[in-house]
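Chain by chain, the residues:
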Amino acid sequence: MSVALDLDLALFEGLCRLGDSTLVLGHRVSEWCGHAPVLEEDIALANVALDLIGQTQMWLGLAGEAEGKGRDADALAFRRDVWDFRNLLLVERPNGDFGQTLMRQFLFDAWHQPMLKALEASSDPRIAAIAAKAGREVAYHLERSADLVIRLGDGTAESHARMQSALDRLWPYTGEMMMSDDTDRALAEAGIMPAPDSIRPQWDALVAEVLSEATLKAPDQRFMHKGGKQGTHSEHLGHMLATMQWLQRAYPDATW
Amino acid sequence: MYAQMVKSEASNDDPHLLAAFQARIDAGEKIEPKEWMPEGYRKTLIRQIGQHAHSEIVGQLPEGNWITRAPTLERKAILLAKVQDEAGHGLYLYCAAETLGISRDEMTEALLSGKMKYSSIFNYPTLTWADMGAVGWLVDGAAIMNQVPLQRTSFGPYARAMVRICKEESFHQRQGYDIMMKMAQGTPAQKAMAQDALNRFWYPSLMMFGPSDKDSVHSAQSMAWKIKMNTNDELRQKFVDQTVPQAEYLGLTIPDPAVKWNEEKGGYDFSEPDWAEFFEVIKGNGPCNAERIEARQKAWDDGAWFRDGLMAHAAKQRAAKVAAE
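Line by line, the protein sequences are chains A and B.
The opening position of the first sequence corresponds to residue 1 in our numbering, with each subsequent residue numbered one higher.
The opening position of the second sequence corresponds to residue 1001 in our numbering, with each subsequent residue numbered one higher.
Rather than coming from a laboratory, the hints here were simulated on the basis of the structure.
Remember, it's a predicted structure, so these values are computed and weren't measured experimentally.
Possibly wrong hints are sitting among the right ones.
Quick list of in silico lysine to any residue cross-link-like pairs, SDA-like style, CA-CA up to 20 Å [unchecked claim]: (1) B:LYS1265 <-> B:ASP1233; (2) B:LYS1316 <-> A:GLY96; (3) B:LYS1115 <-> B:LYS1298; (4) B:LYS1298 <-> A:SER212; (5) B:LYS1191 <-> A:SER212; (6) B:LYS1034 <-> B:LEU1018.
Example chain B residues on the side facing chain A (calculated, C-beta under 7 Å, incomplete) [as the list claims (entries may be wrong)]: (7) ALA1077; (8) CYS1095; (9) LEU1127; (10) PRO1188; (11) GLY1284; (12) LEU1310.
The C-beta atom is built at its ideal place from N, Cα and C for all residues, glycine as well.
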């Protein structure tokens, strides 16, 4: 296999990692629609989900182009099975209570925003353009999720306890965002995507600042789950796909 | 029509004030929140706007039921945006009602306790993807019939909320019709799904306008106050006249053999819905009443810690600010 072919494959994988993460998180967030604790939150969550779905269309659309086998964003979203998904494990965590949903969002946004910033410098102008557009949306996601984590962390005893518990539960899923494998290294060397560990200093600083203001404590635990980016997922993802893909699978000849 | 059978309140106010108020309404003036208004006008409006707001909020649920199963990314985004608009409509309407001296929390509690109602239509289940089409096409279509004239209603905040809402509702109806068109022109299974959705939603949509009120005293009072602009029968007729040709265009059959053009009246004849069913649904015996209220109750209860947390944080910030001064 030539080096060029390897890079094409890495590009497809890298784009699926981005697009699958926004797809899965957008889906999770959309599960709240109509059920949020206050009307304003219902509206704000729908905005976030809409942004993430839009970003999915762009990332997976480009992934399909890069792959060159005639698959579009919908084919990738609705017709792949669980082992083909490349999303981070963090985003497939179930919603839990509203605190877990918010904490998951914050931990992801704190990575997503600097990641997109770095992607704006991609050697691939298509990637740079998507990152610039998505970056404007995600700056708002981060502002909102950080603000709510602070307010709830430093709210009542109960809201504090719930946010701390959410942080403890989700913390072991954060490391994967900053871990590199061969695909990441190939993309970084080609200047297409940043090396994931290059995001670490910004993520650490931002998370430390927000948690401190929120009076929350990051767990000491060093162990981190991994595997989502390579297609090894938790049991939760299969159930999500069973719901999400059902119509496309049940009526494969239909157009919608 | 999201406000059904809103009972208008009698007013025991000074007859001179009442006459002057009626003269303003008759002259087409808008009544603003801080101006004098009869107690009956205020109470009736709270009931009507509140019911309308609750309908938007409960109305998120039957469509929200399909967001996670929408068949393409674009359909998912459109549906989510639509349900989000409904939350937004709820918000404007609660704000409009709040100008009359009731809080959103009080209205929410009245909804959960069953003291305040929401439209009967949202107690019907959404069983297939075609229902997303039928709800947009028929339910939003029926709502628009009522809401377009309400843009001219006498109460300023309500009329202004309606202007914004109507713009979005017509987009909703178009997206519903677009789904129906795709289904009706799709595979045999899709077409069957579309017909089935029309079969199930036809009569409940006609019920949205409420029973005939041409002889109702309450209705006459609300019409005099311009908070109800047309009779239920007028709106229902208009809806049928608009919808029958649309169904024909889709190649679908209205599930009522009595539907027939009547040259003389310049409209379609059609059968009345089963009003006994309507009254059962209003009483709480519709297919989804219990689930709808349970879902709202759960959101309210589960969200209490969140709302309390934000309030507590705001109080701490205020205290810190005072201490620093």
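Structure-based check of each hint:
1. Only pairs whose Cα atoms come within 20 Å are accepted, and LYS1265 (chain B) paired with ASP1233 (chain B) is accepted, the gap being roughly 14 Å.
2. In summary, the hint linking LYS1316 (chain B) to GLY96 (chain A) is not supported, as the alpha carbons are separated by about 27 Å, beyond the 20 Å threshold.
3. Annotation: proposed proximity of LYS1115 (chain B) to LYS1298 (chain B) holds, straight-line Cα distance about 18 Å (limit 20 Å).
4. A threshold of 20 Å between alpha carbons decides the hint, and for LYS1298 (chain B) with SER212 (chain A) the separation of about 32 Å lies outside it, so the pair is violated.
5. For the suggested pair LYS1191 (chain B) and SER212 (chain A), the alpha carbons sit about 57 Å apart, so the restraint of at most 20 Å is broken.
6. Taken as a hint, the LYS1034 (chain B) and LEU1018 (chain B) pair is honoured in the structure, with Cα atoms around 16 Å apart against an allowance of 20 Å.
7. Taking 7 Å as the C-beta contact cut-off toward chain A, the hint placing ALA1077 (chain B) at the interface holds, the least distance being around 5 Å.
8. For the restraint placing CYS1095 (chain B) at the interface with chain A, the shortest Cβ-Cβ distance is roughly 10 Å, beyond the 7 Å limit, so the hint is violated.
9. The criterion of a C-beta within 7 Å of any C-beta in chain A is not met by LEU1127 (chain B), whose closest approach is roughly 13 Å, and the hint is violated.
10. At a threshold of 7 Å, the smallest CB-CB gap from PRO1188 (chain B) to chain A is about 10 Å, leaving the interface hint violated.
11. For GLY1284 (chain B), the interface hint is violated, since its Cβ never comes within 7 Å of a Cβ in chain A; the closest pair sits about 20 Å apart.
12. Using the Cβ-Cβ criterion of 7 Å, the hint placing LEU1310 (chain B) at the interface with chain A is satisfied: the shortest such distance is roughly 6 Å.
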